[in-house]
Structures are given as C-alpha cells and as structure tokens.
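Enquirer: Sequence:
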Amino acid sequence: MKNKFLIFVSLSIIPFLFSCEKEKTSSTFFSEESSASLSNASSISSTSEVSSGITASETSVEPSSESMTSEETSSQSIESSSAQEMQQIEFTFSDFPAPTGSGYPSDEVEIEKDNIHFCSFNMMQGGGEHNGTIQTKRGDEGEGGYLYNADSLEIKRIVVVEKIFSSAYFTNTALMSCFAGDEANQGERKLDRTFKEDENTYTVTFDFDEDDRYFVLCNLDGNAVYALSITIYY
Numbered sequence: 001m002k003n004k005f006l007i008f009v010s011l012s013i014i015p016f017l018f019s020c021e022k023e024k025t026s027s028t029f030f031s032e033e034s035s036a037s038l039s040n041a042s043s044i045s046s047t048s049e050v051s052s053g054i055t056a057s058e059t060s061v062e063p064s065s066e067s068m069t070s071e072e073t074s075s076q077s078i079e080s081s082s083a084q085e086m087q088q089i090e091f092t093f094s095d096f097p098a099p100t101g102s103g104y105p106s107d108e109v110e111i112e113k114d115n116i117h118f119c120s121f122n123m124m125q126g127g128g129e130h131n132g133t134i135q136t137k138r139g140d141e142g143e144g145g146y147l148y149n150a151d152s153l154e155i156k157r158i159v160v161v162e163k164i165f166s167s168a169y170f171t172n173t174a175l176m177s178c179f180a181g182d183e184a185n186q187g188e189r190k191l192d193r194t195f196k197e198d199e200n201t202y203t204v205t206f207d208f209d210e211d212d213r214y215f216v217l218c219n220l221d222g223n224a225v226y227a228l229s230i231t232i233y234y
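End of the sequence shown sits at 234 in this note's numbering; the numbers just go up one at a time, nothing left out.
Below, computed lysine-lysine pairings styled on DSS-like, alpha-carbon distance capped at 30 Å:
#1 K163 x K113
#2 K196 x K163
#3 K113 x K196
Beta-carbon label-pair distances, calculated as ranges:
#4 K196 x E129: 20 to 26 Å
#5 G142 x E110: 19 to 25 Å
#6 S167 x K113: 33 to 39 Å
#7 S167 x Q87: 38 to 44 Å
#8 A168 x E210: 42 to 48 Å
#9 N200 x P99: 19 to 25 Å
#10 E210 x S166: 37 to 43 Å
#11 S152 x E90: 18 to 24 Å
#12 T171 x D114: 31 to 37 Å
Hint data in this document are derived by calculation from the structure and do not stem from the laboratory.
Ideal Cβ placement from N, Cα and C applies to all residues, glycine included.
With these hints in hand, go ahead and build the complete structure from the sequences.
Expert: Structure, rendered in structure tokens:
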C-alpha cells in the first residue's frame, strides 16, 4: 500500500516539474516637473505543499509557500539588483567632440556606444583648467546642453560624477537634471535627483521606473556643468 502511495505522489509531481518556466527578462526642450520613483515590480508564484510522507531521498522538489505581491516588490531599490543583472554604458571626455572655433558644436552630435545610438547638443570636451571633463553648456538661456538615447533602453539608473571647480570668489554648484519619456528627446517627467558631495566631486543619481525607455540628461542651471563621467545602467 505504501509503495502505491509513493508512486501516485511521484507521478503527480511530474506535471508540476514540467510546468515550471524560467522567466526572462536639434532641439532643447523643457517639461513640467513631476517626481518619480523607481518601481521594480515582480512576483514569485507559490508552490503547493508536498506531503510530509515523501522524504528528501525520494524527491528533489522542495515545497515553498513564499509569495510576494507587486506592492512589496515595488519597494525594492536598485541596490538590491546584483551587478550581473545590469549592464552599463559609460561616457567620458573622449566620447564628446572637441571645441570648435565658436566653442560648442552648432549641431547635434551622434554618439554610438555598444551599438546603441545617442545624441548630444552643446556638450564638448572641456579645455584649460576643465581639461578631462565633459563640459555642458548652461541652460538658463534656452540653449542648455543635453544628452539623450535615440534607441530604446530599459533604463534603471543614471549616475553623473561632476567635478567641483571653486576659487576664492566662486564655487560652481551646477547639477545636471534628467527627464524620462516614451520617445526619444521627449522628456515627459522630471526625475528626482540625489547627490553626494565629496572633496572634489558631486555624484548625482537619477532612478527610473521599470517602464521608462528614454531619457534626456540636461543642464538647466545658470552655470556650465563639468562631468568626469556619465554612466547609464540598464
């Protein structure tokens, strides 16, 4: 009788095993501001309990009653994702054009990184004391510099490391701004930013919703921004 029971339970587990699947996963603009938060909704389906009469030696299937709702998982921050789950693209000084005779390039510049297309405007290689930085034109005159992705990306986060320049009379505290949208170069929602100040740099961070596919990183400040790096996580 016991053997028949074990055969019945083992046969009932086979469809369960086969039912499991592995989930896979040129122009300046201005937009109305609104806050955004990172949402990373996911769910883990629960499995039914297996009879206690089946021992570990008889089956390798482990019962689980764990279940997570979308509301619970949406509170998880980007830090919970392992490095293996994210890719990144980093822009540095050499990715942008050198200054022209009049300074900033007069037209949008196409940039390709890792087979993904981006465009920039009024961004160039910094010179003189700003050498080695990505110089982005001030935005208070309606011609601020910007960078956006022309190809869709599942963007998770953008981090900008900016160099602080100061003298006895002036300290540049300009910070980049960032918008998210559903189309290239169409910022529909201004993202909240967080930043950390070290001795010589600002680290500015923008987190995206899971459905965001396009960004516009721009300078809306009254001073130029001098970035050491711009990193897009996706």
